[in-house]
Amino acid sequence: MTGFFLALAGRTARLSLGAGGGAFTGLVFFLSVVAVVPFGVGPDMPLLARIGPAMLWIAALLATLLGLDRLFQDDRDDGSLDQMILSGLPLELIVLAKAIGHWLATGLPLVVGAPLFGLMLGADGHAILFVTLTLLIGTPALTFIGAIGAALITAMRRGGLIVAVLVLPFTIPVLIFGVSAVAAATGGFDPATPLMVLAGLALGSLVAGPIAAAAALRAALD
Amino acid sequence: MIRLDVRDLAVERGGRPVLAGIGFALAAGEALALTGANGAGKSTLLRAVAGLVPLTGGRIDWQGSGEPIAEAIHYFGHLDALKPTLAVADNLILWSKVAGVPGLSVIEALERVGLDHLDDMPAAYLSAGQRRRVAFARLLVVRRPVWLLDEPTAALDAGAEATFGDLLADHIASGGLALVATHRPLPIPAATLRLGA
Numbered sequence: 009m010t011g012f013f014l015a016l017a018g019r020t021a022r023l024s025l026g027a028g029g030g031a032f033t034g035l036v037f038f039l040s041v042v043a044v045v046p047f048g049v050g051p052d053m054p055l056l057a058r059i060g061p062a063m064l065w066i067a068a069l070l071a072t073l074l075g076l077d078r079l080f081q082d083d084r085d086d087g088s089l090d091q092m093i094l095s096g097l098p099l100e101l102i103v104l105a106k107a108i109g110h111w112l113a114t115g116l117p118l119v120v121g122a123p124l125f126g127l128m129l130g131a132d133g134h135a136i137l138f139v140t141l142t143l144l145i146g147t148p149a150l151t152f153i154g155a156i157g158a159a160l161i162t163a164m165r166r167g168g169l170i171v172a173v174l175v176l177p178f179t180i181p182v183l184i185f186g187v188s189a190v191a192a193a194t195g196g197f198d199p200a201t202p203l204m205v206l207a208g209l210a211l212g213s214l215v216a217g218p219i220a221a222a223a224a225l226r227a228a229l230d
Numbered sequence: 087m088i089r090l091d092v093r094d095l096a097v098e099r100g101g102r103p104v105l106a107g108i109g110f111a112l113a114a115g116e117a118l119a120l121t122g123a124n125g126a127g128k129s130t131l132l133r134a135v136a137g138l139v140p141l142t143g144g145r146i147d148w149q150g151s152g153e154p155i156a157e158a159i160h161y162f163g164h165l166d167a168l169k170p171t172l173a174v175a176d177n178l179i180l181w182s183k184v185a186g187v188p189g190l191s192v193i194e195a196l197e198r199v200g201l202d203h204l205d206d207m208p209a210a211y212l213s214a215g216q217r218r219r220v221a222f223a224r225l226l227v228v229r230r231p232v233w234l235l236d237e238p239t240a241a242l243d244a245g246a247e248a249t250f251g252d253l254l255a256d257h258i259a260s261g262g263l264a265l266v267a268t269h270r271p272l273p274i275p276a277a278t279l280r281l282g283a
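Those protein sequences? They're chains Z and H, same order as listed.
The numbering used here puts the first sequence at residues 9 to 230.
The numbering used here puts the second sequence at residues 87 to 283.
Errors might be hidden in some of the hints.
What the hints assert, rightly or not - Taking CB as the label site, the calculated pair distances span:
{"id": "1", "chain 1": "H", "residue 1": "Arg93", "chain 2": "Z", "residue 2": "Ile170", "range": "39 to 45 Å"}
{"id": "2", "chain 1": "Z", "residue 1": "Ala207", "chain 2": "H", "residue 2": "Pro154", "range": "34 to 40 Å"}
{"id": "3", "chain 1": "H", "residue 1": "Ile146", "chain 2": "Z", "residue 2": "Ile180", "range": "40 to 46 Å"}
{"id": "4", "chain 1": "H", "residue 1": "Thr171", "chain 2": "Z", "residue 2": "Gly11", "range": "20 to 26 Å"}
It should be emphasised that the hints constitute simulated quantities derived from the structure, not laboratory data.
Just so it is clear, the structure is predicted and the values come from calculations on it, not from any experiment.
Glycine included, every Cβ here is placed at the ideal spot set by N, Cα and C.
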């Protein structure tokens, strides 16, 4: 069954990266926000450097939520979801495999791109290091929480931005502790506490996300 | 001794009863043809047996070799579960890893349905009949005792229909069970359950 789990995660990542998959929509959105902020804020380098990490986090949050709406909907529409339910793997693990695959294709590129985009916002090395680290810990949490919303809209047969609206309030704690870890590190404080809370949120959503999303998908069966 | 027992099954959809008081039993090597007009509930019955639709009444008992019923069933519905951007063989690889006794390799299964020359073609370029054949190959890559087939010959040409008949006959001969929703006579001896009569 591990074989099916890994194959499903790999296929989700591949489909997301492939034509029409939408993995790059998030990355391009991330880049667009980062590119536009300096024009809005003005050429004030100290200000940009100060708000840079927060802007990166907000952009990453929105970019992650953008790509979530089709996570289960395509599988429901083409019959794959039926076959997955009959695969013998519990639905919770199916959700987990799909969420991991989705994160590899959409979340990981944001983490990898964050140092470059941080430079574009004039953040210093220390801040960039911590933004990248917190995004690495925090974006999986966003995907796992987002999976709940994606499963719910599959049940409701709605699409589009409604996932982002549904999920956004639940992602606020991740944003708060992600940004405060960066702020603590760049402000000369110990970032361990917010980092640990962030890791706790990621681990908690790793468990709660798939369970809640599987319950929503079961309710959608008909 | 494998046996599928369905008793007094009832299903509602959208608040309206679609099936009520359905009962039948299938033992190893038996097939049952489901007939009935459009909307009589053939597809709903297959999905209910597969556990994809909640029951409002009755029970489904499965005695197999220890596996839960979901792992004993191959469900072949109207949807082909193919990803258009993936190659035909890549589509099947995932389904060759589900629980069950490993069957034919992906390429052998495609050979049986006559599509081995298209293994690296993206599924988007297949015709409707070819898509059905690839979906049918899914039933061959992992062996499961119960086949639930929903109008399996729709969109198939005469040659493919004969192939399908052979594969179904093989399955039954090897001790499998089949529940087939169909408008046409099956190529194998089978009891008939008429819905909505």
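Ascending list of hint numbers which this structure does not respect: Per hint list: zero violations.
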